[in-house]
Amino acid sequence: MKIAITSTQNIPESTFDLRFGRASYFCIYNTENNSVEFIDNENINANSGAGIKAAEKVIELGVSRVISGDFGPKAKDLLDKFKIQMVMLDDDSQTISSIIKQLNK
Amino acid sequence: MPVKIAIASGKGGTGKTTVTVNLYHFMSKILNSKVQIADCDVEEPNASIFFEELESAKSKQVTQLIPFINTDTCTFCRKCVDYCEFNAIIVIPPAQFAEVSPSLCHSCGACLYACPEKAIIEQPNEIGQINTFNHGVDESFLIEGRLKIGSSMQTMVIKDLVKDDWINKEVILYDAPPGTSCSVVATITQANYIILVTEPTPFGLHDLKLMIDLVRKLNKPFGVIINKADEYSDTYTYLKEEGIEILAEIPFNIDYVKSYAQGSILKNIPSDIESVYTGITQKLKNKLIHHA
Ligand code: SF4
Ligand code: SF4
Chain W
8 MKIAITSTQN IPESTFDLRF GRASYFCIYN TENNSVEFID NENINANSGA GIKAAEKVIE
68 LGVSRVISGD FGPKAKDLLD KFKIQMVMLD DDSQTISSII KQLNK
Chain G
59 MPVKIAIASG KGGTGKTTVT VNLYHFMSKI LNSKVQIADC DVEEPNASIF FEELESAKSK
119 QVTQLIPFIN TDTCTFCRKC VDYCEFNAII VIPPAQFAEV SPSLCHSCGA CLYACPEKAI
179 IEQPNEIGQI NTFNHGVDES FLIEGRLKIG SSMQTMVIKD LVKDDWINKE VILYDAPPGT
239 SCSVVATITQ ANYIILVTEP TPFGLHDLKL MIDLVRKLNK PFGVIINKAD EYSDTYTYLK
299 EEGIEILAEI PFNIDYVKSY AQGSILKNIP SDIESVYTGI TQKLKNKLIH HA
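Top to bottom, those sequences are chains W and G. All residue numbers in the first sequence are consecutive under the working numbering, ending with 112. All residue numbers in the second sequence are consecutive under the working numbering, ending with 350.
Okay, chain W solo, but in the shape it has when bound (with noise of 0.2 Å):
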């Protein structure tokens, strides 16, 4: 299974970003191999629709859990309907390889 989690930077040390549609990368974590992939949030500067483009986008890459701080309503919206699980988390001093860590244990 693959999860998404929004990071700040492009590494896997890179602490966790609240914003959905404005997180500056999607962490790609694939649970079989245990790998990450980290992709630009091209969307990021966007003035309109950047929530429901960053939904787009994690569907694209076929993941079925999206880990970020809040999710808007078209967001929201768009996962439903293809039935990702929206994990919440509030805590934005965590690393992106503590959250993965933390799905392993």
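By construction, these hints were calculated from the structure, which means they are not laboratory data. Keep in mind it's a predicted model, so treat the numbers as computed, not measured. Idealized CB from N, CA, C, for every residue including glycine. Some hints could be false.
Stated by the list, open to error - Keeping only pairs whose Cα atoms sit at most 30 Å apart, straight-line, the calculated BS3-like set for lysine-lysine is: (1) G:Lys267 x G:Lys341; (2) W:Lys88 x G:Lys206; (3) W:Lys83 x G:Lys137; (4) G:Lys116 x W:Lys88.
Said to hold, decoys possible - Partial chain W-side listing against chain G, Cβ under 7 Å, derived: (5) Ala53; (6) Ile59; (7) Lys64; (8) Glu67.
Go by the hints and put chain G with the ligands onto chain W.
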């Protein structure tokens, strides 16, 4: 041509709608003109609550043409997505999914042009309503725009509302939405004269300055009404330095505020309030006579 006056303020809660409703009352009475209110605060139109025995007259849907994607002919090439500046189109090729988000679409038509498969067609989508009200024999003395919940097309509803086809009076009072956004611009660009309503507080002055910048950019004649007038002097100093006309100072009258809360401001108007509005009406008459 009717005379068009917009009543605006940099933020909500300054008493803009009360001023509009009172002006309607006194201008109708003193000028013997037919006056109409256009409530352009489409997210929260509330002028109607100040009138008793209102009768709904007409109601019209405001629609926006929204593209729909036919997924039978769509090849999920994403060309339309590249053309859409507003990020309103979602195409997910592996899921064979293509959809337009109506709340983001600005009906620019670019995607129709972009699609090589002619898979996109436009269909009307409701974004709001325009309602008119009668007051006894005073037909459609009040018109209001009401944005559909969830829609973000304020400006489109306002543009429809301020079209001349709705006007059937000699004086139109536009109750503008609060703030300095596009929807305010859409309202006040139509006006011959703009009244800015402010409260004499530091925050009020800050918002007033933003509004003054805006109306100056639009090159509109304007004046200021100070509501709940009191001692805060910076507002007065600023207006004096800038050479801006103060049309009136409305005293703070607690009983009157209570009647506002009960929606009955046009009954038992205190005499000090009455003389203030009589004064404003005279000033406006002198200013606007050449527009009529
Ligand atoms: S009409 Fe314009 S804004 Fe609407 S979906 Fe098409 S390209 Fe985007
Ligand atoms: S441009 Fe036309 S064919 Fe291509 S994805 Fe958009 S709707 Fe489908």
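Structure-based check of each hint:
no. : hint                : in the structure
1   : G:Lys267 x G:Lys341 : holds (23 Å)
2   : W:Lys88 x G:Lys206  : holds (23 Å)
3   : W:Lys83 x G:Lys137  : holds (25 Å)
4   : G:Lys116 x W:Lys88  : violated (38 Å)
5   : Ala53               : holds (5 Å)
6   : Ile59               : holds (6 Å)
7   : Lys64               : violated (9 Å)
8   : Glu67               : holds (5 Å)
Going down the numbered hints, you'll see the structure goes against 4, 7, while the others check out.
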